[in-house]
Structures are given as C-alpha cells and as structure tokens.
Amino acid sequence: MGKSVLLIEDEPNIIEAISFILSRDGWSVATHSNGHDAVGVVVESRPDIVILDVMLPGKTGYEILRELREAEGLADLPVLMLTAKGQVKDREMAERAGASRFMTKPFSNAEVLEAVRDLVIG
Amino acid sequence: MGTLNMLVFVCLVYVAFLFLVAFAAERAAMQGKGGWLRSPIVYTLSLSIYCTAWTFYGAVGYAARSGLEYLTIYIGPSLVMVGWWWVLRKLVRIGRTQRVTSIADLISSRYGKSNLLAVGVTVLAVIGTTPYIALQLQSVTVSFAVFSDAYDASVPLGEQESNALLVAAGLALFTIIFGTRNLDVNERHHGVVMAIAVEAVVKLFALLAVGVFVVWGIGGGVGDILQRIDASKIGTWQIEGDRWATLIFLSAAAFLCLPRMFQVLVVENDSEDHLRTASWAFPAYLMVMSLFVVPIAVVGLDLLPAGSNPDFFVLTVPLATGNNGLAMLSFLGGFSSATSMVIVAALALSTMVSNHIVMPIWLNSNFGGATVSGDVRHVVLLSRRISIGAVVTLGYLYYRMSGGGTALASIGLISFAGVAQFLPVLIGGIFWRGATRLGAFAGLTVGFLIWAYALLLPSFGTGTLVSEALLAQGPLGIGWLRPQAFFGITGMDPLVHAIFWSTLLNALAFFLVSLGGFPSPVERLQGAQFVNVFEHSGTPQGWSGDLVQSEDLMIMAQRILGAREAQGLFEREAKRQGMGGVLPEPSPDFLQVLERELSGSVGVATAHAMVEQIVGGASVSVEDLMAVADETAQIMEHSSQLQAKSTELSRTARQLRQANDKLTQISAQKDAFLSQVSHELRTPMTSIRAFSEILRDTDRLSAAEQTKYSTIIHDEALRLTRLLDDLLDLSVLESGQVSLNMQSGKLDDLLDHAIATALTGSGQDSLRIRRTRGQEQALLRTDLDRLSQVFINLIGNAQKYCDAETPELRIEVSQSNGQMTVDFIDNGQGISKKDQAVIFEKFARAGVQRASGAGLGLAICREIMTRLGGTVSYLPGQGGAAFRVVLAGQGQLAAQ
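Heads up: the protein sequence lines correspond to chains H and W, in order. Note that our numbering numbers the first sequence so that position 120 is 120, with each residue one more than the last. Note that our numbering numbers the second sequence so that position 177 is 177, with each residue one more than the last.
Hints were generated in silico from the structure; no laboratory data involved. Treat the hints loosely; a few may be bogus.
[Stated by the list, open to error] Here's a subset of chain H near chain W, in silico, CB distances under 10 Å, partners left out:
{"hint": "1", "residue": "E11"}
{"hint": "2", "residue": "I21"}
{"hint": "3", "residue": "T31"}
{"hint": "4", "residue": "T83"}
[Stated by the list, open to error] The list that follows gives simulated cross-link-like pairs (lysine-lysine, DSSO-like), each with its CA atoms no further than 30 Å apart:
{"hint": "5", "chain 1": "H", "residue 1": "K85", "chain 2": "W", "residue 2": "K670"}
{"hint": "6", "chain 1": "W", "residue 1": "K670", "chain 2": "W", "residue 2": "K708"}
{"hint": "7", "chain 1": "W", "residue 1": "K645", "chain 2": "W", "residue 2": "K670"}
{"hint": "8", "chain 1": "H", "residue 1": "K59", "chain 2": "W", "residue 2": "K834"}
{"hint": "9", "chain 1": "H", "residue 1": "K59", "chain 2": "W", "residue 2": "K662"}
{"hint": "10", "chain 1": "H", "residue 1": "K89", "chain 2": "W", "residue 2": "K834"}
{"hint": "11", "chain 1": "W", "residue 1": "K670", "chain 2": "W", "residue 2": "K33"}
{"hint": "12", "chain 1": "W", "residue 1": "K834", "chain 2": "H", "residue 2": "K85"}
{"hint": "13", "chain 1": "W", "residue 1": "K670", "chain 2": "W", "residue 2": "K575"}
{"hint": "14", "chain 1": "W", "residue 1": "K575", "chain 2": "W", "residue 2": "K834"}
{"hint": "15", "chain 1": "W", "residue 1": "K670", "chain 2": "H", "residue 2": "K89"}
{"hint": "16", "chain 1": "W", "residue 1": "K670", "chain 2": "W", "residue 2": "K800"}
{"hint": "17", "chain 1": "H", "residue 1": "K59", "chain 2": "H", "residue 2": "K3"}
{"hint": "18", "chain 1": "H", "residue 1": "K85", "chain 2": "W", "residue 2": "K833"}
{"hint": "19", "chain 1": "H", "residue 1": "K59", "chain 2": "W", "residue 2": "K833"}
{"hint": "20", "chain 1": "W", "residue 1": "K662", "chain 2": "H", "residue 2": "K85"}
{"hint": "21", "chain 1": "H", "residue 1": "K85", "chain 2": "W", "residue 2": "K800"}
{"hint": "22", "chain 1": "W", "residue 1": "K575", "chain 2": "H", "residue 2": "K89"}
[Said to hold, decoys possible] Looking from chain H toward chain W, a few residues come up when the C-beta cut is under 10 Å (computed):
{"hint": "23", "residue": "G26"}
{"hint": "24", "residue": "V43"}
{"hint": "25", "residue": "R46"}
In this text, a Cβ means the ideal position worked out from N, Cα and C, and glycines have one as well.
Take these sequences, add in the hints, and give me the full structure.
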C-alpha cells in the first residue's frame, strides 16, 4: 500500500510500539514529538493520516487539531486521537475539536491497526 | 622639649586607649554581652558631652571675668533634667516609637514627613555647629601652645595649624570607624558612647584634681580660699536678673536642641528608665564640675601676672607652680572635652546630612524607582562617612579662616542661640496638635534670620560683615531695624537682645502661621501620634496596602536592610499574620513596621517616600482615625467606628473571597488529580500492553528485538511501581503514621549524596552546582534519609525546570538560634506568582507540562518537612526559582 502515517506523540516507548505495528503492516511511518511546530510538520509532509496524542509539550492535541481543521485543504484529513485521560469530557473535547476517531490508552494493537485502515481506506 | 614630647606621647597613648575602649564596647555589644553598656550611669556620663572644652577651660575664664554668671550654663540643663517627666520622657518615647535618627528627622516626621523641612533643619544645624567644632579644635591647639610656651617659646604658628589638622583628621577617623561600623536599625553606637563616657570621667577627674591642688596645695584649705574669694572682685559681682534668666533659658534650650545632645539624649537612649537616674545624676555631675571653678579663678588671678588669659588657668596654674604631671592631666581633661564633643557632633550631623540631603539626591538621580535590586547599604554608609569627613573639614576650615582669634571664644553662646531656634518648633510639635508644617517653616526662617542679623554677623566684629553705620543707624537708615536695638529699644545687652527677639518672633511666626493654616491629613496624624504618644504608642501612620506587590517591597527592603534581615522581617510578619511562606499581606500594620525598620537606615522622610512609591499613596487607617478622634469628640468617634466596621467588613469579604478561590482551586485540583492519576497510570500501561502483544503475536522477532521489548515492559512496570510508591508515601505522610529514623550526620555529606543521586544518569554538565562548603560544616540530628529525599527532589527540580542557557544552582546554608536554613536558588526565570501558590499541591506542575514528573515531589517534600519539624517554602524575589528549607532544633558546628 505504502500509505503514510504521521505519529505525533511524546512518549518514546509508545512511538516505538505504534511505529513497529504500522510498519509491519506496510505503512510508512514518520514521527514528531512536540506540540510547538506540529501543525507546520503536518502541512509540509501531507500524510494520509495523523495519529495525535493529547498531552504534548508546547501545545495540546486539541489546539493542534483545531488549527489543522482551519488550515487549507486539511479539513478532511483523517485524525486519530489518543489520550491517556479516560474521562467522558475528554472524548467530547476531541469530537468538538474535529477528531475523526478517538481512542483511550491503553489500546490493543489490533484496534489501532483497524482504526487506521478504516480511516484511510474507508 | 622633653616634656613636650612626653605630652605628645601621653596624648597618643590616651587616643589609643580610647580606640581600645570603643572597640571592646562594640565587640561586647555584638556578642550580646554588653548589658553594662546600657546602664543608666553610662547614659548619664554620655550626656556630659554638654561640657565641651568651652566649659572645661572657659568656665574659669568666665568666672574670672563675670563672676558667678558661668553657673547659668549649668543651671539650664539641670532644670531640663530635673523636669524630665514633662519634656525629655516624651521626646525619648517619640524617638523610640518613630525610630527617629536625629533632631531633623524628628521635626520632619512631626510635620508631615517633609524632607524639605529636614533639609532646612540640617543646614541650620550645620551652620550653628561648625563654629563650635572650630572652637574645640582651637582649644586643643591653644592648650598645646600653652604647654609649648612654658618650655619653648619658639613653636611656630604653622605647627599649631598642622596640630589642628592632625586632631581633626584623627577625630574624623574615630567617628567613621565607630560611628559607621554598620547600619544599626536602632542607630545606637555603643563604641562611641562608651568612649565618651570614659572621657567624661577623665575630664571630671582632671578638673577635680586641679581644684583639690588649688585649694589644699596652693591655698591653705577651705577657709583660706573663702577669704580669698571674699577679697577678690568675684565675690562682689552683681547678679543681673535679665541676663541670668536669658542665659538659663538659652542653655536649657540648647541642651534640648543641639544635634549632639539630641543624639545622646534621645537617639542613643536605651531605656526611658535611664532618664530617672540621669535626672539627678547629671545635675550632680554638673555641680561637681562647677565646684572648683571659682577657687581656680581666684587663685589664678592672684598667682599669675596680670593680663594672663584666665581661660587657661586650669592649665597655667599647675604649670606655673611646676606641677607638670597635674598640668598634663588637666590637658587630657580639656582634650577629652573637645574630642568627645566633635565626635558626637560629627556623628549627629553626618546622619542628618546623609539621610536628608545626600541619600534623597542619590536615590532620585540613580533610580527611577525604589524597587531596582542591588544593595544600597554601602551607599548609605559611604555617604555617612563622607558627611563626617565634610563636617569635620568644615570645622577645620572655619578655624583656619577665623584665624583662631579671640572671636571664637564668644562663639559658644552664639551657637547655642542658633540651635535654640529649633525650640518653638520642637516643643510646639510635641505639645500642640495645631502646629503645622508652614508654621514650622515660618518660625524657623524668622528665628534664624534674626539670629544671623542681630548676633552672628555682628559677632565677626564691627566693620567686617556689618558696617559701623548699619549698627548705629540701621539698614538704609531705618532706625528700628538696627541689629542690636530692634524697634528702637536700646540699652539691652546685645546677646539678651538677640535671643529675646529671635525666640519671641520665631515663636510668634510659628504660632500665627499654624493658626492661620490647616494641617494636612498626614500632619494631623503625626501630630496626634506625637502629642499623645503615651496613649498611642506604636501606630505612626496608615497605609492602605491592598494594591501593593509584597514582592516589590521585599526587593526594596533587601536593598536597604540586607537580604537576611529583610527576609527575616518579612517571614516574622507573615507568621504574625498567620500566613505561611515568606510574603506577608501588605496590611497597614505590616507597612508601618516596614517603614519604621527602613527609617532606621535612611530616615523617616526617605523611608516614607520609598514605601509610598510602591504602595502608591497613604491613607488613613482606623487606628489613626481613632487617635485623631480623641480630640474631636463623639461625632468623629462615631464615624470612625462606622468606618472601622466597613473596613472590617470589606476585609472579611476579601478573606472570604480568598477562601472561596482557594476552595475552587482545590476542587479543580481534585478533578485534575483523578485525571492525572489516570494519565500517569495509563501511559506506562499503554507501552506494556502494546509490547506484550507484539511479543505474543509477532513471529520471527530477532533475539535483540525480543530483549529490547521485554526491557521496555520491565522499565515501564518499574515506573508504575514508583508512581504507586509515591502515592503511598504521600498518603502515609499525610496521615501522620510515618515513623522517623533519627540519625546524626553532617550536612555537607548529605548534600554530596543528594547531588550525586539527583544528577545520576544525566550529564554532569546539565546543571552546575555552586556551594559554600565552609557553611555546610554543621551536624544534623534528624531523619537523614527523609531530609535527603527533600534535597534530591529540589535539586532534581532545578535540573528539570531551570531554563537558563547554562543552568546553575546555588546552595546557601546559614544558621541562627539553632535554626538551620538551606536555600536552593537557580538562575532560571523562576516560578510565576500564580504558580507559587499551588506548586506544593499534589500533581501541580508549574506552567505547561514539560517534564516527566508526576507532580508529587514538592507535595511529598512539604509533608516530610512538616514531619521533621521544619518547613520548605518558595522564596520569592531571588531572580530564579528559589526554595528554602528550614530545620529547627539544629545547631553546633561539627568538629572539622
């Protein structure tokens, strides 16, 4: 397939795990680990899907998502949000910010894979 | 020449002895052993700087010329002392409650803290005192010359002048060393006071010795001397009523108003009780001083050739009878009288010049505001030192320019008359609440102009500054303005005339202008505080501090009082207000205390201006209103009570609002706590789950990959354990069920260990640590592991959060009263005010989450320190982030 994923996450071990799972499934995985310039990186690299963590240094995932949705041509970009805070209000905030899907940590590898495939291929 | 050399030698030994006395007294006071320094006897003896060389030598001359009139200059001060209950007690109480540093400070403080008034008083005091200092220098050099003449008539005049210069330089040096050792908030100088007390004993002893010698050595005992007095013209002198009354009034006024007398009477006073002793002891001292004056005068007139200067009989009578030892003692007595006067006068004047002229100018020209950081104590000290030098130099120049002639001899009373002009303003200020600043200006101006015109200028001799014509016909021929015959009233003694008119018109101007104007609010308040000092001790003025930034005040206070003292003061006040931490609420009470502390260093007016700059304006506090209301009866009382209620209500409302804010904050933190626990647990669990699934589901993993992934699982499991440990630790600490493992150890070892642990695994360059090992040699008795846990946490925080380019952490240790303080100060941008309030709460992390901590570290630290009987708090105003750990019940230095 060769579709590209951009993973925005600051916890090194989780980056390693998700990269491993997706690469083995044939995705080309790029990673980025802070919130400050995340929007710029997305705009520049134009991935097929973004996996976005909520708690990031510099800027929260919600803020990044909101900016992405406002950017030109990114309104329909599939974004999978990950959060380690499992409360209802976190899910609501993600939806309001425009997340394509929302997933609570810890997740099973199969779930992530399935969600990514769903979002990109439909 | 041999005896002359001997004299120089004795003089030097005596001076060295005085330095030693002053030094020992300072040391004793510093070590807290100086209880005897504050005895009423030392206080009484220090008052004897009233007896300068002018009285030591001059009293005999005075008696030889004018009979018993010399007694008037002793009677005036004696009356003041005997009546201490009415005036002195009040002055001393005011001086203490208002932290007054000089007479200029007192007057400016009373009249609305006006610095302009302080400047005026200072300038007038300098004008009035400079000739007097010159007189002392002259007496030392002339008495030296008297000795020289007796042995070698060829001592050139130039040598006299260089002697005067040497004496002046020595005195300035002494005053600088012991008068400006430190900025004592109380402005007490134990070394100086002790030295002048010793000098007081020396001059009394010397005069008594000469007296005894004259009566029993030369004369044939008491009966013989009484006969001689009867036979001489001294016995027949008439008492002139008006001159006597004027001189008694004058010396009493000068006793209260002379800057040097104010210094020893009020500023150096340690306890009001001392006045009780001094009230009889000082008149007794004066009586003994005057006991032998007439006998010495009579015998001198008999013994010495006609035309000898009676001013130096005390010296020439022993010399003429070949009694060199006694003459030398007498010389030392005169020397003591002169030097003690110059030292205290220079000290008092320099405080005034520095506080009211130099410092305000310097503060204004160097800083836009009072909050710029940096220590100004050295500037205050330097300006005092320069002022001392300037005052003594001025005295020396005056001596040189006046040629040391006989004109100086009459300057004593003229000087007295000059400073006596402060009297109406001073007495009016402490007894009459209607007195105003404008009135004070008017009175002082009128008094001094008349004094200068009628007394000072003519004293330089007719035809020098005041022409013959002016004296005879008045300016421009206006007869009633003749300098020595105002309103055409002739025939008065010029001195009596000048004192009568200057004081009368001064008081009149002061009174009328005060009546005509209306005092400003600050003047009214200060007036109430001064006049009713015994009813309202200790509440000088009101500040409304709602809008004040305590931190700004802290920065300013550190600059003037020094960091330690300022922090100590703030912490004490915060504790008194029942608040934790180092920053007290800027309540009116606190601001008053702060202003008083500052005024000890820079004077009332300047301190007031500095606080005002930060606070933004004075307002009337309830207590102040109550003080004023005493006078204006019920209606004011009622309204001020209403105001009290409304102020109290608004204060309660503010406190409620604060409590509510805090509760809201805590409840938000509870939510955040759950959310945080969830986050902190889920993150490692994500990695564990993901990698265990990978290990389970993936075929063909290489051995290296397998090891790597299981290691990650292992590490994350450890991280979970650590988090649970922290939570558990905190709950145990909070519930108070922790048992402490008390051990002894050295602080530097503990810090070594903590630094090593905190910085493991990060490059050692990531944080530079600066320590002063010298201060760390202290033995601790506490739970060392727990304390170490606190240190590790604070160092770790600095490493994680310090955002400076080259991060650096200073660790500063200090001890006092068994309390050990360890400060951790980094060079980052510090913690914002908003965050300072919450960093010790659980899961609170300053700013955006930048680092890996769970936010439990400081919460644990706080709990630990509470269990150890100490505190850990944020220390604001240090530049970077700063934490202070205080451990009580510690103390002694460990053996090296």
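TODO: Identify every previously stated hint that the structure contradicts and give their numbers, smallest first.
DONE: Going through the list in order, the structure violates hints 3, 6, 7, 11, 22, 23, 24 and 25 and respects the others.
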